[in-house]
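There are 2 protein chains.
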Amino acid sequence: MTMSLPADLWPDVKPEAARRLMYAAVESFATVGFHATTTRDIATAAGMSPAALYVHFPSKSALLFEISRSGHEQTLALVQDLTSGDGTPPDKMRALVEDFVEWHARRHTVARVVQYELEALPEQEFSVVAGLRRRIEQAFRSLIAEGVRTGAFTVPDEKTAARAVLSLGIDVARWYSERTRKTPRALGREYATLVLRMLGSSAE
Amino acid sequence: MTMSLPADLWPDVKPEAARRLMYAAVESFATVGFHATTTRDIATAAGMSPAALYVHFPSKSALLFEISRSGHEQTLALVQDLTSGDGTPPDKMRALVEDFVEWHARRHTVARVVQYELEALPEQEFSVVAGLRRRIEQAFRSLIAEGVRTGAFTVPDEKTAARAVLSLGIDVARWYSERTRKTPRALGREYATLVLRMLGSSAE
Chain A
776 MTMSLPADLW
786 PDVKPEAARR
796 LMYAAVESFA
806 TVGFHATTTR
816 DIATAAGMSP
826 AALYVHFPSK
836 SALLFEISRS
846 GHEQTLALVQ
856 DLTSGDGTPP
866 DKMRALVEDF
876 VEWHARRHTV
886 ARVVQYELEA
896 LPEQEFSVVA
906 GLRRRIEQAF
916 RSLIAEGVRT
926 GAFTVPDEKT
936 AARAVLSLGI
946 DVARWYSERT
956 RKTPRALGRE
966 YATLVLRMLG
976 SSAE
Chain B
776 MTMSLPADLW
786 PDVKPEAARR
796 LMYAAVESFA
806 TVGFHATTTR
816 DIATAAGMSP
826 AALYVHFPSK
836 SALLFEISRS
846 GHEQTLALVQ
856 DLTSGDGTPP
866 DKMRALVEDF
876 VEWHARRHTV
886 ARVVQYELEA
896 LPEQEFSVVA
906 GLRRRIEQAF
916 RSLIAEGVRT
926 GAFTVPDEKT
936 AARAVLSLGI
946 DVARWYSERT
956 RKTPRALGRE
966 YATLVLRMLG
976 SSAE
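Protein chains in written order, with this note's numbering: chain A, 776 to 979; chain B, 776 to 979.
So here's chain A without its partners, still in its complex pose:
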């Protein structure tokens, strides 16, 4: 099957053969899951031999880890960029939700693989990714806490609120598809308004 994966998923991955293997792996993991995919399937889809695959990745798990790690690192960079710096907490939250939602809508296939196959990661790799996830969640919580402190937000429970905001964004990857009529950008804007309301902001 051919999926419409964005062409700019991993601009920094070199050489091009490694990137091609990552694309092929995402397609196969998305279609039949990590456990039903063989390294041969991935190599064949990338137009390579299994031996050529091993030049770039020592195992199927290594491919999944690279896909998961880079996805989480990119997300963390986006989140840190938008939560730090100047701006009021509502302004920063609006920008954060807009981009976080757009990100998950545009990259819905790879984001689904990353979310659904978390537990397929080997223990050490899992803990690296879990660490990145904690930092992403922490950035959301800090921004909410900052808003509560300055009186811009009022929430019953900061942790639950952060969880709900993150959850709304991540779940976009589950249901968004090329058939969705709303663009990723438009969806991000509407979700940002809903989130600001959820956080008791008067700035929606």
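Because the hints were derived from the structure by calculation, they are not lab data. Please note that the accuracy of each hint is not assured.
Remember, identical chains collapse to one label, so a pair may be satisfied in a single copy or spanning two.
To be verified - Using 20 Å as the maximum straight-line C-alpha spacing, the simulated EDC-like pairs for lysine to aspartate or glutamate come out as follows: (1) K934 x E953; (2) K957 x D932; (3) K934 x D816; (4) K867 x D856; (5) K867 x E912; (6) K789 x E841; (7) K789 x E898; (8) K934 x E841; (9) K934 x E912; (10) K957 x E912; (11) K957 x E933; (12) K867 x E933.
The hints should help you fit chain B onto chain A, whose structure is shown.
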């Protein structure tokens, strides 16, 4: 592996051997995915022979369909029960979100399987489940529309709002685990407050 699946997932499924097969299938689908599971795996986990499995289910797909269909039918019954009847739209929405969230937290493993493996259903079975999903989503949208009509809710876009409310509930199945400190009930109550805010209700 042994998961802590609720004992009351399918009280109506008879005979008990069929129910045991459904539990074994959920465990295996949750662990390695539908495509990497064999009917032999499921039969063995249920303490039966593959031939005995076929007495109850003609295929692995038939098992997935039964798990998915019954999950969606139960959810639809819950949603219809809570959105019909008397009560103001905010009261009904509060009760709906409380129960919908609790439902997905308690049954997180089976709900994950149902959501993650939707596209593994054969075409006809998929369309049956898609029909149930449309009715569930429609019930959320109708309740929001009723609230907008009576002035209890104000939302920028009813479809997006319904999507966000559903999404918050469904995504609980992804992240909730036995290690989550908040009980399903407590989480449902907090989420109901967040949802009423999102819908512009003054009744939170």
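Checking against the hints above, which ones are violated?
Hints 3, 7, 8 contradicted; others consistent.
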